[in-house]
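Protein sequence lines correspond, in order, to chains A and B. When we follow the numbering used here, the leftmost residue of the first sequence carries the number 1, and every step to the right adds one. When we follow the numbering used here, the leftmost residue of the second sequence carries the number 377, and every step to the right adds one.
Treat the hints loosely; a few may be bogus.
Listed next, the in silico BS3-like pairs over lysine-lysine satisfying Cα-Cα at most 25 Å (straight line) [as the list claims (entries may be wrong)]:
1. 881(B) <-> 76(A)
2. 881(B) <-> 576(B)
3. 301(A) <-> 152(A)
4. 877(B) <-> 76(A)
5. 263(A) <-> 250(A)
6. 376(A) <-> 331(A)
Rather than coming from a laboratory, the hints here were simulated on the basis of the structure.
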Amino acid sequence: MVRFPLRRAHAARLLSGAAALAPAAALAAREWNFQPPVTEIARQQMDLHNYIMWICLVIFVGVFGVMFYSIFKHRKSAGHQAAQFHENTLVEVVWTVIPFLILLFMAYPATRTILAYKDTSSPDMTVKVTGYQWKWSYDYLQEGFGFYSNLKTPLAQIENREPKGEHYLLEVDNPMVVPVDTKVRVLITANDVLHAWWVPAFGIKQDAIPGFVRDGWFRAEKIGTYRGQCAELCGKEHGYMPIVVEVVSKDDFAKWAAAQKQKTAAAADDPGRDWSLKELVARGEQVYAANCAACHQATGKGVPNAFPALDGSKVATGPKGDHVAIVLHGKPNTAMASFAQLSDTDLAAVVTYTRNAWGNATGEALQPSDIRAARK
Amino acid sequence: MSSIPHDRAAAGHGTHDDHAHHPTGLMRWVTTTNHKDIGTMYLWFSFTMFMVGGVMALTIRAELFQPGLQVVHPEFFNQMTTLHGLIMVFGAIMPAAVGFANWMIPLLIGAPDMAFARMNNWSFWLLPPAAILLVTSLFVPGGAASAGWTLYPPLTIQQGMGMDLAIFAVHIMGASSIMGSINIITTILNMRAPGMTLMKMPLFCWTWLITAYLLIAVMPVLAGAVTMLLTDRHFGTSFFNAAGGGDPVLFQHIFWFFGHPEVYIIILPAFGIVSQIIPTFARKPLFGYASMVYATAGIAILSFIVWAHHMFTVGMPVAGVLFFMYATMLIAVPTGVKIFNWLATMWRGAMTFEAPMMFAVGFLFLFTMGGFTGLVLAIAPIDMQLHDTYYVVAHFHYVMVAGSLFAFFGGVYYWLPKWTGTMYDERIAQIHFWTSLVFFNVAFFPQHFLGLAGMPRRIPDYAQQFADWNMVSSIGAFGFGLSQLLVLYAVVKCIRGDGAKAPAKPWEGGDTLEWTVPSPAPYHTFETPPVVR
């Protein structure tokens, strides 16, 4: 079987016309085959695809060779007289049986690969992946830490006010990090609607289904950064929730995991601490930008007829209890999901922020203990 | 409206047609029970929706011309993809097929009209309200449905009232399809001319008979699925909500149990039209008639046991994945039989290549490409990469646009002389064919590359490595869209009588019953049944 880099280079040459003149960046914009595989499964998928494409190509040339021969030879303008045959049992049997046999030759390797794809047994480590509207979170269950992974591309690039970076839309603040040559089992679920976790170079795509946990696995063979995207329509920011996985050496992974654990411990808030209004608003602004601004907008004005404004809204200026309840439990049958997964401190901060930002000036500060009480 | 062909026919021929005391003007079309009038209305409705859905497609392609957001917001983009899908499937392709059935089935089997003439009127007039619901849903608070035409929950549960309007539209169009199907089945089974046994019927009638059974089997399933969405949205049920004991994946199973047969509902009538056109222009009988009938039935039966190949990535048990992979691959066998039969019909014929034949050959070529990519997608391990990417988008546009739509264009040019009494403009039709063929491939072939390289579908903005092919694809899409004005021009030209007068049998090789009546076909035909052999 022809190996991938060769074919891609060859095609790029064919397609670019003047290959010598074309800058490398222009070639990259014309990708036309699978991304280079870094797992056994992804390699098998690509080989299988090449194999089937060759079979299809042979059939294609055969069938349409016959058709075009007929079109050129058996035309009235060429003086051809129409034969009147319209049946031949032997021919019919032959062109039913042969395709069936060809299918068997396709089904065998496909079965082998799918059995391996589905075999999530005996992993070396397990990471829980959760899809949210519109970000991913990664929980390292054995190591005991976790984090969110948000799109890092600035809005200015999306709105064409700045030139687009090299990894436009495929860059995140906190990538998933895994060690090389390790069987990683991913437990995949979702918080609100369907998402799908997909890393092309690993050959894994698994829907994330709210209320259910599904699993998959990969064993990356090469150190590097691999990028994918959410593959199941999940609402307006569906195109803006990339997946970035950094594959590092086992030593580097151990160091990274230790640092993450420390960071988690350091970041833990003292639950009894009393926060000032100013502190809460400062922190709440960050929480708001990461979780709320996609719909309600940084201006608090929302989007007319789609996402309500918080600036001057009855909820954000009304009783505190109702405000906390809607953030904790969401609003049924709307895009307002529950944000109960955020910490007490983050929730207290963001509620305080929205009650004191823009034109809202309640002057009220909520403490983490208020949220804790409301959760019960 | 006064230039519609049947009036001229009635006046011109002055035969026993003049006792048709139908109202004139608008009321004629509202109250008509004539299969030709109703067929005409179906076809115009379909073309209108084709234009509406086409503008939505071009909005999508305009946004995707370059990376970054330029033309629309992501919410509106999602509304466009959703409505484009719903409108093209339920508003354009399916009504076009029913339009052909109405016009041609009575003429092909020697029947005076459809079996249930009034129900026929009702099943057509249900469609405009459904279309109005769908299109006006763009203007309600929250905008139109934006969860994709597949309407997967829980995203559908989050949506505004646009979703309710879409659900009602689907209900209404489903009712219309079921009525149309009952009518077609009854007509075919009871009203064939003496001597026309089932196995002597033109193949178009066979493919529609089987399609009608598929419709009756699956439209109620779709209605059930969207009703469950409705009650989940408003009446506190939890069919698809895990927190209440339901399962979002259940919807996908129900939807695709409808959705896969639906794919064949879209393609089988097209197969039928191509099976009429190719023998006519090859001047040679259809090869393997019986095996064509069995292959069609085989495809229809298989279509009920392959649905979960749309869901390989939901995380089914491996036995389930294997079953659906094998069953799906099997579909290649009867489909292959049909392709080979068409080729054998062409083989050693005396072919000419007027527009209908060009579209039929174009269909054969491009539909087969869509068949190959379908086979690639059926291979579950490969589908794990390609599911929900542009590869899938390319695949189903090859079978629905280059497949069904090309066959329908072929059918329009094939029967226009019979419908209007005027030959279409061959030069315009040939230009329409070649521009459609070229721009279609410019628009959709690069989407295979985009999918392979990892571009998900239904995204309004994309990473830099997808930029070039998207630009090419958008250029092709606009070219394809503009080309379709040519068919409108050609048809209007015929209706206005601008062209050579069509004889009763304009095609040398035509040997079916519609060519035995004058062109244009009189308002009432076969009041005395013809005798077949």
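Structure-based check of all given hints:
Taking the CA atoms of residue 881(B) and residue 76(A), the gap is near 18 Å; set against the 25 Å cutoff, the hint holds. With a C-alpha separation of about 20 Å, the suggested pairing of residue 881(B) with residue 576(B) holds against the 25 Å cut-off. Pair hint residue 301(A) plus residue 152(A) holds up; C-alpha atoms about 23 Å apart against a cutoff of 25 Å. For the given pair, residue 877(B) sits about 24 Å from residue 76(A) by alpha-carbon distance, which is consistent with the 25 Å threshold.
A C-alpha spacing of about 20 Å is found between residue 263(A) and residue 250(A), which places the hinted pair at or below 25 Å, so the restraint holds. At roughly 18 Å between alpha-carbon atoms, residue 376(A) and residue 331(A) fall within 25 Å of each other, so this suggested pair holds.
Of the numbered hints given earlier, the model fails none.
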